[in-house]
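Engineer: Residue numbers (the numbering used here), protein chains in the order written: chain Z, 1 to 418; chain B, 1 to 418.
Worth double-checking, as some hints may not be accurate.
No distinction is drawn between identical chains; accordingly, a pair holds when it is met within one copy or between any pair of copies.
Unchecked claim - Here are the simulated lysine to any residue pairs, SDA-like style, with alpha carbons at most 25 Å apart:
1) Lys194 with Gly207
2) Lys5 with Lys318
3) Lys285 with Met242
4) Lys227 with Leu392
5) Lys227 with Gly111
6) Lys38 with Leu315
7) Lys318 with Ser351
8) Lys280 with Arg35
9) Lys38 with Lys227
10) Lys53 with Cys292
11) Lys3 with Tyr314
12) Lys269 with Ala126
13) Lys27 with Ile211
14) Lys38 with Gly96
15) Lys285 with Ala89
16) Lys318 with Arg35
17) Lys53 with Phe311
18) Lys15 with His393
19) Lys285 with Asp375
It is worth saying that the hints were derived from the structure and are not from the lab. Bear in mind that the values here come from a model prediction, so they are computed numbers and not experimental data.
Number of protein chains: 2
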Amino acid sequence: MSKEKKIITMAEKAKTASRYIASLSSKDKDALLHRMAKLLTERSDFIQVENRKDVEEARKRGVSNALVDRLILDDVRIQGMADALLEIARLPDPVGVMDQFKIRPNGIQVGRMAIPLGVILMIYEARPNVTSDAAGLCLKAGNAVILRGGSEAFHSNTAIVEVLHQALQESGFPKEIIAFVPSTDRDSIHTLLKLNGTIDLVIPRGGEGLIRFVDENSRIPVIKHYKGVCHLYVDQAADLNMAMELLVNGKTSRPGVCNALETLLIHEKIAEAFLNRIEKELRLKDVVFKGCPVTQKYFPQAESATEEDYFAEYLDLKIAVKCVSSVDEAINHIEKYGSNHTEVIATQDISVAQQFIRGIDSSVVMVNTSSRFSDGGQLGLGAEIGISTTKLHAYGPMGVESLTTKKFVVLGEGQTRE
Amino acid sequence: MSKEKKIITMAEKAKTASRYIASLSSKDKDALLHRMAKLLTERSDFIQVENRKDVEEARKRGVSNALVDRLILDDVRIQGMADALLEIARLPDPVGVMDQFKIRPNGIQVGRMAIPLGVILMIYEARPNVTSDAAGLCLKAGNAVILRGGSEAFHSNTAIVEVLHQALQESGFPKEIIAFVPSTDRDSIHTLLKLNGTIDLVIPRGGEGLIRFVDENSRIPVIKHYKGVCHLYVDQAADLNMAMELLVNGKTSRPGVCNALETLLIHEKIAEAFLNRIEKELRLKDVVFKGCPVTQKYFPQAESATEEDYFAEYLDLKIAVKCVSSVDEAINHIEKYGSNHTEVIATQDISVAQQFIRGIDSSVVMVNTSSRFSDGGQLGLGAEIGISTTKLHAYGPMGVESLTTKKFVVLGEGQTRE
């Protein structure tokens, strides 16, 4: 059988298996998640032996220490993967939930019932924990999953999937519920992305290059986010102490993640006061500032910001700064340069806050809150399968509910239409 | 300016205008809908003069009477278009609705707010009333719309858009909120379908050929339905009188629409009794039956059904019939041959009904109700922009709510993340 044919067959088997998993009870799904967690812990040594192969290969290829670190699986991290599955088991089952029930004038009852999407394709790079996290989340929502991890974690991913398959087999479930693509070339992705009759949704997670490749080649709906250029707008009515806490936390607590701040907008009326504080703020002393001319006037150590700086997702201890004359100018700046991820306003003026909430169409809009809270766990979704910065189907952090859709359920007593 | 460039510019202007309409109050949007309705009535003669050009051209091209009839606009139909806009004005505004509000342990409040999608591209054929219906629905949900109607209604559509633009101008709103593609070749569609940074959603309405073309060429998310192969399963526990009413209504009340019945599944234990009734049912005497061997045994006038019959959307007084040995077999048949539109079970057994509801993943599942109720108006959505038979974003009949998405709104008091 050709490689392409093998992949198509695998996807079709996942489709068939998706009907099986869709019919499982919450109890059966949660028992399976518990078994998966238990086996991950029990077979931790096996996974680590396989993981070391990936780590050694990465070191040989001269991969940076930071990236090698993301790859390493030790006892603690494998326990973390198991714990994540147990946390998913504790979430309420999104499938079968009915809402919006109403009775029409002719007596028919109309409601909506959440059902699984079907087959979800996860394409991801680096961190091997995505293998068990994604499998657990898809399964909880009653979906089959096709996992296609990156070459750098191939041995680790293969080992994790072997353990997950053991859990499926011990539970008496078809192992095709969790399908794994045994190759890491782009041909296999190309083949998969054409299967729009078989696969219902693609979620790519990784660098902008991977995501763009998936988006441009997919015939299947894609949920993705390219980057997080998150803004903090410090309004003229801001509590400047609070605004400083939001800036420090948003920029420095974890600069390499997508919900870190990348641009600071300051109302010109408080620009001098706020920039003077920044100068004295010890916790910001390692941060490189790139500012507009007004910024530089009050804060001379700021370098000159270019157009590119306002588009940049630095993922580093750098921040672009611009002084604006109104909340409208701040909203327009975000509309032009933003990435629809997360925007924060610091203000004590409720009207300005309302204007900001209404005017910003990013997936997460915050008032007086650190951008670092913009993730599924922090916003109360339980575990997170990804973040969507496009508006269709899901927008913002996505929990298990995003892996379902809603069908109409209609109950009658023989009603017919005139 | 090249034609391609002109279309791109038009789309970009619609994008800019979408921010304007997104910020309008419910009152302003509803006043605009009222003005549009009033002007359609006032300028009815002008629209009819233009419409007659389309009708004459269609007659010259030898188009069937049925299709010519769909094209004709008279006073009554134009009043119907105006009334539809008034009905849309009466719907609650979906934009700005907040729900799912909760307070997290750290005190931040998290909710979801409905916001417009942005720019919606409608690509449609035939009926010119879609021009005002689609514009009204998109506008109500705070979106800009790009209308691309078919060549057969070009003069009518142009006239209707002229009237709608007059309403926008009299209200002091930018006319780019309702953009109209002034050409009907496929090149213009090709250009539009590439604008995934500018247009947020495409809704094609028309024949399967048009929809497939759009789906295969779009870089923008598409919401569509190809066909409605709706099933009625008459269970062994059905009330046979009720089942007969559902069959007659589903098949004969309007055979040419997508929610008409196309396949009848009968539990073999009541097949003889039910097929004997069909034979005597005068209201079914014009219907052609295509049956499986068991069907033919009890109902000899049925022709032999082929595999194609079970896939067929006849849109005619024809129906495929199959006898099955269980509700599971019925579910499997629907899974294999169905189109995810609407499926009905006739049964008095609540467990079987539950099994059918759980087992069917079509967009509308009905118990003891005519399939003909499967549309937005009948299910209580108000007006309908289309039906989706794919699971992402919207599934089943789509009302104005489907033209919005939800962003997260987070209210804090300076909370930062550890």
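Engineer: Up to 25 Å between alpha-carbons, please classify Lys3 paired with Tyr314: within, between, both or neither.
Structural biologist: neither (39 Å within a copy, 39 Å between copies)
Engineer: First find the shortest C-alpha distance between Lys27 and Ile211 inside one copy, then the shortest across copies, and answer within, between, both or neither for a cut-off of 25 Å.
Structural biologist: The answer is neither: 35 Å in one copy and 41 Å across copies each exceed 25 Å.
Engineer: Should Lys285 paired with Asp375 be assigned to within, between, both, or neither, using CA atoms and 25 Å as the limit?
Structural biologist: neither (27 Å within a copy, 61 Å between copies)
Engineer: Have a look at Lys227 and Gly111 and pick one of within, between, both or neither, based on CA distance no larger than 25 Å.
Structural biologist: between (37 Å within a copy, 23 Å between copies)
Engineer: Are the CA atoms of Lys38 and Lys227 at most 25 Å apart within a copy, between copies, both, or neither?
Structural biologist: neither (35 Å within a copy, 46 Å between copies)
Engineer: Treating 25 Å as the Cα threshold, decide for Lys318 and Arg35: within, between, both or neither.
Structural biologist: Neither: 44 Å inside a chain and 52 Å across chains, both beyond 25 Å.
Engineer: Can you tell me if Lys5 and Lys318 fall within 25 Å by alpha carbon in one copy, between copies, both or neither?
Structural biologist: neither (48 Å within a copy, 38 Å between copies)
Engineer: Using 25 Å as the alpha carbon limit, work out where Lys227 and Leu392 are close: within a copy, between copies, both or neither.
Structural biologist: both (17 Å within a copy, 22 Å between copies)
Engineer: Which holds for Lys318 with Ser351 at a C-alpha limit of 25 Å: within a copy, between copies, both or neither?
Structural biologist: neither (31 Å within a copy, 62 Å between copies)
Engineer: Using 25 Å as the alpha carbon limit, work out where Lys194 and Gly207 are close: within a copy, between copies, both or neither.
Structural biologist: Close inside one copy (21 Å) and across copies (23 Å); limit 25 Å.
Engineer: Is it within, between, both or neither when you check Lys15 against His393 at 25 Å Cα-Cα?
Structural biologist: both (21 Å within a copy, 20 Å between copies)
Engineer: Given a CA cutoff of 25 Å, do Lys53 and Cys292 count as a within-copy pair, a between-copy pair, both, or neither?
Structural biologist: neither (48 Å within a copy, 59 Å between copies)
Of the numbered hints stated above, those contradicted by the structure are hints 2, 6, 7, 8, 9, 10, 11, 12, 13, 14, 15, 16, 17 and 19, listed in ascending order.
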